[in-house]
Amino acid sequence: MGDENLNSAGYEIPPEMQSQVAITTLDKIYNWSRKNSLWPMMFGLACCAIEMIGTAASRFDFSRFGMEVMRPSPRQADLMIVSGTVTKKMIPQIVRLYNQMPEPRYVIAMGACASGGGPFKEGYTVVAGVDKFIPVDVYIPGCPPTPQALLHGFITLMKKIEKQSLRSVPWYQKTPGEPIPIPILGPDLMDPRKFDQIKQVCGKLAEQGNEPAEGEAAHE
Amino acid sequence: MNEQVEVQSSSLSDRFPEIVLPDTRTGYSGFLVKPENLIAVVRTLREEMGYDYLSSVTGVDYLPENKMEVVYHFYRTTGGGALVLKTQVERENPVVPSLTPLFPGAEFQEREAWDLLGIRFADHPDLRRILTWEGFHGHPLRKDWKEPFFEEEAKPFKSRWPEGHVYRAEDKNPFHDNVQFPAGFDPELWSPETDELLYAGLKRVDKTGDFLTEQVVVNLGPQHPSTHGVFRMVVVLDGETVVDLKPIMGYLHRNHEKIGERNTFLQNMPFTDRLDYVCSMSNNFGYALAVEKLMGIHPPERAEYIRVMMAELTRYLNHIFSIGFLLNDLGAFFTPMLYALEERELILDVFEAVSGSRMMCNYFRFGGVARDIPDEVMQKIRKLVLDRLPRKLDEMDYFITHNEIVRGRCEGVGVLTAERAIALSASGPVLRASGVPYDVRRADPYSIYERFEFNIPVRYNGDIYDRYLLRLDEMRQSLRILQQVLRDIPEGPIMSGKPQYQVRVPAGEAYGRVEGPKGELGFYVVSNGKPNPWRYHVRAPTFINLTSLAEMCRGQKIADVVTVLGSIDIVLGEVDR
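Going down the list, the protein sequences come from chains A and B.
If you're matching positions, the first sequence starts at 1 in our numbering and goes up one per residue.
If you're matching positions, the second sequence starts at 1 in our numbering and goes up one per residue.
Take the hints with a grain of salt, since some may be wrong.
What the hints assert, rightly or not - Where chain B lies over chain A, by a calculated footprint (3+ residues, C-beta under 8 Å):
1. 12 to 25
2. 53 to 61
3. 140 to 150
4. 172 to 184
Unchecked claim - For each label pair, taking beta carbons as the anchor points, the in silico distance ranges come out as:
5. P493(B) with P104(A): 52 to 60 Å
6. G79(B) with F195(A): 55 to 63 Å
7. G177(A) with D186(B): 52 to 60 Å
It should be emphasised that the hints constitute simulated quantities derived from the structure, not laboratory data.
All C-beta atoms, glycine included, are put in the ideal place defined by N, C-alpha and C.
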């Protein structure tokens, strides 16, 4: 236990025991071990995935931070790196993968596309940021972010984990957390949470009678 | 168009008077043919005139003329320029006969034209949407189709420049999101599309006899560690043997072409980086060539040399990367990859030094390149090319080529014969490993490639092992070209004319193609004289190489599917665009 912070609980330890005993809080020891063994899911979407691979390789080597075990299965991962453009065709799978990850789980939005659509935001099948569907802990800017930026993102996430308290985290509740409803592919991407709004707006459009031409929606 | 092609083409209109007419629009070339005569003309082209390679199928929406046009680029595998054939139909309910029975390589490209432009191809074996999903509303590349975040027809948007009103695109959309729905749409009544149609398209061979083994459908992907991104394969298995396979793409469809048609010509350059994101320099090259053809300009000498240098470094980078990935797919998880990535990082350092970015270089300009190469970077390149890269290549060769497991898993697996490779429009290493010595750098030379001494490596077995060996051969040839470039590169300007943000591109069409590391990368650009391309189409090599995936996998074991896919070397950014 080289971390100095662990030894600051405020109790006096007799000098003869100092090399064997450390007093700390449950939060601290728990967060300390968790932040140093984040297992990312092996899951790449687009260009950023290549930089993610580059970060995993020998030059940058993120196993220095205890995360060399990339898991192809969401059941064994606790960090999802959304590395690339999220499309409407892909978002149902991403939400499903997120739901399958055991808690505690974290999400990093890597790059401009995952954070907010990036250069492809105006595209018709691009989701303008993965945070429209799943909660994101750390955003990393860049197109694609350099490995250094990704490492900085990891360190930021570690700092965030360090500050969490077992008392206030959303997991470990009496009842299991609600899964995020999986979006459905219709004429366009449909978020089940927004069905009422879609119905309302479309109904209003139909009432106005300005039936848009094929493939053209209302533009204000 | 070179002379030989001219002769051949005129014989085409002699042969079919009244049926095949030369395209007389200014800036256009090729021939117009009526849809009802298309099959007969194409058959003659293939069987009598030797145009055995259908490179590209492009749909174009000519909204002002109320026409839909399908453009076909034919080549001979013996070399030479293109024969461009076009057929026009009405915009309402356009139907064109499918060329898939004659050229199976047209399958995915025709599906793409149906998906994005709504052109129906009669007698197509499997005309489903390919990049969007079944049930998607409208055909997005039609000029009157507008995306949910639509602002204006063309950039730069007046709202942003010069006045500079900035707002979020979400604020203008009635749903406050990147979605749109037809009027009166009720989401609760919608029954989501299942994969019924897809599974119905997969042949399920009935066996006779009383002991039946049940055939199993297995989905690989879109999240799968060995699909090289978000790619999905539906595999029908009989025991462990693959009976049939369908690739499903579109999980990374980023609307490259729609965005490209709103952008100005130069604004597209950084977007091409993100096509095949492993080799952005080659993509830049292809697009720059296409637009330069339209503009009728040529880069100065030094720029040409720099371009070739970057393209060949990219080829080395891509091939060593793909060999690393192939080994990953064979089960040697990540260790060979580490060796490959080490060299890749060194080449990326060069790219970063010249362009400012590791991966998305955005380095080429129309009529040159963006920045000159500083002397110290030149020294670095020299060291790499003359010393380190050849050494590391031999090391890779030594470690892998005679490895028993590599040979056992790769030899005789995923075979594609030469005839089928040509018919399926395969290109790049996949085509050349099948014994067809077709490389755009020699067959239809561009830039300054005819000055260099290099061979086009060919291998004849068409299996995974040959594709791997061919990549090694190509890397050696790339290094050979690089050594000549370093010897001959002159001093001088790197741009012809002044660098400018808004280039003037005369009306017309152009098809620029380069031999990218993954195959023939083509850009079909139509300009109508405005600052934005009217049509901007990418002939993505890996997208079309995937047409042959099913054929390579049939009869193999399920474990080999992953390796076969690895040997095609796909990049999803390019497959889905």
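Evaluated hints:
no. : hint                             : result
1   : 12 to 25                         : violated (count 0)
2   : 53 to 61                         : holds (count 6)
3   : 140 to 150                       : holds (count 3)
4   : 172 to 184                       : violated (count 1)
5   : P493(B) with P104(A): 52 to 60 Å : holds (58 Å)
6   : G79(B) with F195(A): 55 to 63 Å  : holds (58 Å)
7   : G177(A) with D186(B): 52 to 60 Å : violated (30 Å)
Checked against the numbered hints given earlier, this structure breaks hints 1, 4, 7; the rest are met.
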